[in-house]
Amino acid sequence: MTLPDLTAADLQPVLPALVLAAGASVLLLSEVFLTTASRSHLALIALGSSVLAGGVALATAFEPAHAVFQGLAVQDPFSSFVTVVVCLGLAGVVLLSADFLKQRQAERGEYYALMLFAAAGMSLLAMSAELITLFINLEVLSVSTYALTAFLRRGPRPAEAAFKYFILGAFSAALFLYGSALLYGVTGTTRLADMVGPLRTAMHTQPWLATCALALVAAGFAFKVAAVPFHMWAPDVYEGAPTPVTALMSAGVKAAAFAGLVRVFLFLGRADPEVVALALSALAVLTMVGGNLLALPQRNVKRMLAYSSIAHAGYLLLGVAALFPHPGTGVLAATPLMLGSPAVNSADAYKGILFYLLAYTVSSVGAFGVLSVLERHADGDGATAWDLDRFSGLAQRRPGWAVAMAAFMLSLAGIPPTVGFMGKLLVFRAAVDSGLLGLAIIGVLASAAGAYYYLRIVVYMFMRPAPAEGVLPEKYWATELALVASAVAVVALGVLPGRVADWLSQSGMFFGTR
Amino acid sequence: MSAEALLFYVFALCTVVSAGAVVLARGPMTSAMSLVATFFFLAGVYALLWAHTIAVLQVLVYAGAIMVLFLFVIMLLSMTEPEPAMKLNVARVVGALSAVGLGAALIASFWKLPTQPMGWAEDSARAAAFGTLKTVGEIIYTRYLLPFESVSLLLLAAIVGAVVVAKPRI
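As you go down the protein sequences, you meet chains A and B in turn. The opening residue of the first sequence carries number 1 in the numbering used here; numbering runs sequentially from there. The opening residue of the second sequence carries number 515 in the numbering used here; numbering runs sequentially from there.
Hints listed in this document are in silico derivations from the structure and should not be mistaken for laboratory results. Note that CB positions come from ideal geometry on N, CA and C, so glycine has one too. Wrong hints could be hidden among the right ones.
In silico BS3-like pairs for lysine-lysine, Cα to Cα no more than 30 Å straight-line [stated by the list, open to error]:
#	chain 1	residue 1	chain 2	residue 2
1	A	K102	A	K164
2	B	K681	A	K102
3	A	K164	B	K681
4	A	K164	B	K648
5	A	K164	A	K475
Chain A is nowhere near these chain B residues, computed Cβ spacing over 10 Å in every case [as the list claims (entries may be wrong)]:
#	residue
6	L521
7	V530
8	F554
9	A613
10	G615
11	V665
Bound conformation, chain B alone (with noise of 0.2 Å):
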């Protein structure tokens, strides 16, 4: 087994197990932790797949700007007794079958995957290029240039819309 796939094995593993602690977790302190620790896993997977500037953003964007918000909101609540454990009922049930048999649905839909290996490791000038800020930057300011515009229109809509549902009543 190469470096490199015992580092994947230990990313993957542990992003997995991390995101298991978010969803079971009592305390929503817990789970807001659990989260962050996934987020970096998943930063390290992304950066074993060339995907480097991505693994940063994941990092700063995530792990930095969006858990700050979501433990503001858990310290305004101040949620500090967990909840009582969940009882079982039919509904409960159901939607645990589902869940799971999506799970497994999900599973065997990747059973066959395709084998040949990228083999990117000898192509070196794709290598060097990929995922980093400058061709990253390249493609969205060219051939990525309309959903780019579209997204300055979403977060545009989102901040008016934040504002407009944030105010007390109109």
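So here's chain A without its partners, still in its complex pose (with noise of 0.2 Å):
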């Protein structure tokens, strides 16, 4: 056996994971040595590192893709712009944890700590391209969230949500892991590179021990991204959890997780195109209807948010969807409606599945912001410390929040000019060129369902007066830093979204060995 050599500059395409892992190491030892009163300097370490891998995954994303450690793991544009992606919604949730924090009394260094974990597990997991390296970053980063929604247990509710998301969890790592197994099983390689020959083979001599193990894999990824049919653990895990891990579940474990999935069903995928992109096409449509379907009646705005991401989790399914060929073998793609011959334009569709990981990361992270500083202390876990009446007259109190707040509502909804109708009108697109126009139909109209709960918000914030006793929420420099930051990015994305648009638009997946 020859045994490889390794290098410095082979560590440098793992360079974000390692800043972030760094960061978490110093935040830890400063819990250690730094006993002051004060603990601001936690979350500037945490945003520093985060700013910092961010930086360094988008210098990085232009060079050319290459496999690195032995072909365990990309280095593609693809894994840079999700590692981006993360670090951007990661230094938007680590500015919203500082005030709510404080204002607990509850700063920590492991919290931020345990974020920075989480971060580098999902940078890793976008550049893996290898089974056992991709279940160990996933695991990472479940770990990392599941600790991080039990962090604050004042009260039940809590408490019930970190179980659930830990037992639901470890399950959906099983079912992953019994089909990473069967997968090696079936093709005696763990590599994905290496996989897709020996699938397309053994989908023909074994194809049931074949298709148990990519669904079983399937299953896994679609537990993490809370896909209807295996969403039910989120809204409960969402609502449970402290406002700000709330927010980092939706924006950066969602975009990782999606990046995982991508990778993973486009190498299988091209052992039997037509079954993986039905399979994928069935769970986008359950999921884009389920979920705005299941959002429509919530009161509750936090656990109405947990649905919308669902919804959302539809969506970008079928972006991914969007990246197989479909000649007449898609659900409804199949129908009259189809346009002339199928020609999948794979740039567009990675330029779609990206652009919309960018949007909603900004559209939530904004939205869960302005949730965690209309929740008071004192709440506790009450269920009315996300009603809708809290948003009550919202534009006559605190104008600002309530002009951002719209915003996002109008980016999550998908109406110009925010980046979620930039997101939503690049995944529709690229679906409708790879022939899946009855399926991009569904998504329109499950959007326009969606439209309903979104703007219903926007109503109670602008038309209904404020409630007599009301307490003015406080304003916190750090929370209203992220809440501009986001609104801005909402509105300047959606109106021009040229020059990111065009370095997405260069992101493609690498598929070689070496």
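Bring the two chains, given one by one in their own frames, into a single complex with the hints.
What follows is the structure, given as structure tokens:
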């Protein structure tokens, strides 16, 4: 056996994850050695590491794609951009957390360290091109998020949420692992690039075993991205977790899990594109329709945003399904609505997915940010803390927040001129181009239904009188900064997506082995 | 039937029986001890698969360290009274049926396995090196360096997370 040569240059692709892990270590050590009364430096360290890691990832995004670590991981523009989006979301979440924790006397280095660990796992997950590496990095991010969910256990609800998340997450990890083991049994390798050929043969010789393996892996990912019918945990966990942690779950965890899903199924899907595309299309339809319908009756805004996050997973799945050619095999592609012969322009599809991830990250971080400032410390975990009535007359009491929240809601609903509209436009266009016109129409209809519950918040903020005895929520500079930054991003990227969209259109995925 | 095949069937049968006992036993202590037995028989199967290192680690880590933790938890919770028998309801029936269905699907999927043996017994060089501590160590630190380092990240995150969760109140 020949031993590979490792040099310092080989570490360069994992530099963002190294920066994040180093930041986490500094945070943990600062808890031991810096015992000052003020703990504002914790958030600053976390913010600095996430910005630095994001910058490093952006700087390497335009280098030629290549395999690293003997083909266990790849560095391609797709993975770099996912890391950038994750770091962007992390920076916003850290800003939200600073005041949220200070208000509750719960500033701890462990909290930020776990967030940085989770982000390091996300960055590595986006790069993984081998099942063992992929699984371990998926666990890094999951374990950190389980612990973060249990960070503020005041009342029974957070404890229940953390427990539920942990048990169901472990269950989904077991499904994923079982599927990976079967895939290894079928193909004799764990590297995705080497797996395609043997898997294609196995699809004929052992179709049941190969399909079972793919289905189990898909189920594991569907749990993580909260796709219907694997979404049951999402509303309870999103509601019970501390609000900034919920923002991290909806922004970072979702982006990273999608990156893993896209990579695994683009590799393995080449063995049998029809089955994989059909499964992804079915998941996309169920998730888009189910998420939006379940969100409609919610008065609890935090729960509503949880269901909305499920619905957004559906639009993203539509984008993933658009990466496969659909010669009349999709659920609805065979309808008379299908246009001409489908030609997949995968650059557009990648751009759609990444731009959508970016759009969802900035909008949801902002929306959860407004939610976290309206939620008072004294509320505990009472269900009224996130009731729709909290938003009544916000336009008179805090006009800036109301305008920002309106921008986030319009963006989540996909109404111009916001980044959410551009994201939906790119995803739906990619879907139509690859022959999924029927699915795209279902997506548009579902998001039209979704506009109802997003706009209801805008109506409450601007057209309902403020409650008489309402206490004016306080302002904090870090949260204000996060809200202003994400509101500006939501509008600016919606009006002028040019430069960013150009960057993202260069993002391809690397399928080679070296 | 060769001695190897005979040993395999003994180990495999005992693994399945003791694993069944883990689920079916009434008392938690009986379940835990059946789990220890399962780990031992599974270690035997690993040894038959030439994976000596994993067989030893299985006994050391699972049957040793992790089972001690299990027993501690059981004793601390002091569940001496066996739980009352489960009642049948719709959810349980549906759950049982889907579990049986999944099991049947998996068994069916294994039906058509490749028939050619790997013939490693003849390959003496491979047989000498495979599964030894030296080979496993070399592979971990070279070819699988990235996942190995990720595991250290995972363990650190898990330790910090465990401390956070164990704190009575933040």
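Status of the hints after comparison with the structure:
1. A:K102 with A:K164: holds (27 Å)
2. B:K681 with A:K102: holds (18 Å)
3. A:K164 with B:K681: holds (19 Å)
4. A:K164 with B:K648: Violated, because 41 Å separates the two Cα atoms, which is more than 30 Å.
5. A:K164 with A:K475: violated (33 Å)
6. L521: holds (22 Å)
7. V530: At roughly 17 Å from the nearest Cβ of chain A, V530 of chain B sits farther out than 10 Å, so the non-interface label holds.
8. F554: Per Cβ check, F554 of chain B is outside 10 Å of chain A; nearest 21 Å; holds.
9. A613: holds (13 Å)
10. G615: holds (12 Å)
11. V665: violated (6 Å)
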